[in-house]
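Trainee: Sequence:
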Amino acid sequence: MNIPDSLMLVNHDWLWLLLAVALAWSVWAAPWRVLRMPHVVNLMAAACVLVLAFWQIKAGIRPGLNLHILGATLLTLLFGPWFALLDLLLVLLLATTWDGGWQAFALNGLLMAVIPVVVSWTVLRLANRYLSAHVFVYIFVNGFVSAGVTMALTGVAATFALAELGVYTLTDLIHTYLPYYLLMAWSEAVTTGMLITILVVYRPLWVATFDDKHYVQNK
0 MNIPDSLMLV
10 NHDWLWLLLA
20 VALAWSVWAA
30 PWRVLRMPHV
40 VNLMAAACVL
50 VLAFWQIKAG
60 IRPGLNLHIL
70 GATLLTLLFG
80 PWFALLDLLL
90 VLLLATTWDG
100 GWQAFALNGL
110 LMAVIPVVVS
120 WTVLRLANRY
130 LSAHVFVYIF
140 VNGFVSAGVT
150 MALTGVAATF
160 ALAELGVYTL
170 TDLIHTYLPY
180 YLLMAWSEAV
190 TTGMLITILV
200 VYRPLWVATF
210 DDKHYVQNK
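Counting in numbering that gives the first Met the number 0, the sequence shown runs from 0 upward without gaps.
In case anyone wonders, no lab produced these hints; they're calculated from the structure.
For every residue, glycine included, the Cβ atom is placed at its ideal position computed from N, Cα and C.
Hints may contain errors.
Stated by the list, open to error - Each pair of labels, with its calculated beta carbon distance range: (1) 131 to 186: 23 to 31 Å; (2) 189 to 40: 22 to 30 Å; (3) 10 to 168: 20 to 28 Å; (4) 213 to 93: 28 to 36 Å; (5) 49 to 213: 22 to 30 Å; (6) 212 to 57: 33 to 41 Å; (7) 212 to 171: 47 to 55 Å; (8) 40 to 170: 44 to 52 Å.
Could you put the whole structure together from the sequences, leaning on the hints where they help?
Mentor: Next up, the structure:
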């Protein structure tokens with residue numbers, strides 16, 4: 000992921016507008032009162048460091064075509080969509096400060112933060128509405144399946160975004176770039192699913208979207 004400035008041949012100011020709207024929405028809707036809980040800030044900082052580490056462990060196919068675990072579903076389940084988006088943008092800010100790429104920051108923010116969080120939150124809401132409230136449903140659907148779907152759809156969005164930039168053709172990207180995203184979807188699903196399973200079992204209070212009364216105690 001993390002598209003470099005070298006691929007941004009023209010300015011796309013509207014991308015900054017979209018990112019600004021998403022950022023403003025998150026700041027306005029985020030339940031800031033939860034930060035008064037001592038463990039939340041520490042957990043959030045640790046999660047950001049973990050995701051930043053994920054982003055630094057990447058594989059390159061061609062110039063600008065890098066792949067790495069997103070961690071977006073993990074953050075969404077831990078903190079909800081608002082803080083997840085803010086945390087991912089903070090991680091992107093740190094990564095951009097280290098690696099450069101400010102011209103592509105808005106595009107990367109949409110691809111690596113906004114889209115993954117929206118997909119993860121949508122899957123969670125649909126699961127809560129249409130599936131039984133069971134702990135195994137939460138872990139499997141929201142931990143494993145949601146993470147894989149999020150990575151796959153992010154890959155599709157990144158493929159079309161790169162094709163729109165004009166550096167690579169859509170046909171070339173579909174054959175040489177998108178398939179690796181489908182492989183990464185499995186890694187994303189396993190990593191997120193394992194971490195969520197451990198946290199739900201041993202530290203359920205750390206997972207903001209998990210409620211014992213809803214998923215366990217009434218069964």
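Trainee: Could you run down the list of hints and mark each one as holding or not?
Mentor: Here is how each hint holds up against the structure:
1. 131 to 186: 23 to 31 Å: At roughly 28 Å between Cβ atoms, residue 186 and residue 131 fall inside 23 to 31 Å, so the hint holds.
2. 189 to 40: 22 to 30 Å: This hint holds: roughly 28 Å between Cβ atoms.
3. 10 to 168: 20 to 28 Å: Because 22 Å falls inside the window, the suggested range holds.
4. 213 to 93: 28 to 36 Å: 35 Å, holds
5. 49 to 213: 22 to 30 Å: At 26 Å between Cβs, range holds.
6. 212 to 57: 33 to 41 Å: Given a distance of about 40 Å, which is inside 33 to 41 Å, the answer is holds.
7. 212 to 171: 47 to 55 Å: Since the Cβ atoms of residue 212 and residue 171 sit about 51 Å apart, the hinted range of 47 to 55 Å holds.
8. 40 to 170: 44 to 52 Å: 47 Å, holds
Checked against the numbered hints above, the structure violates none of them.
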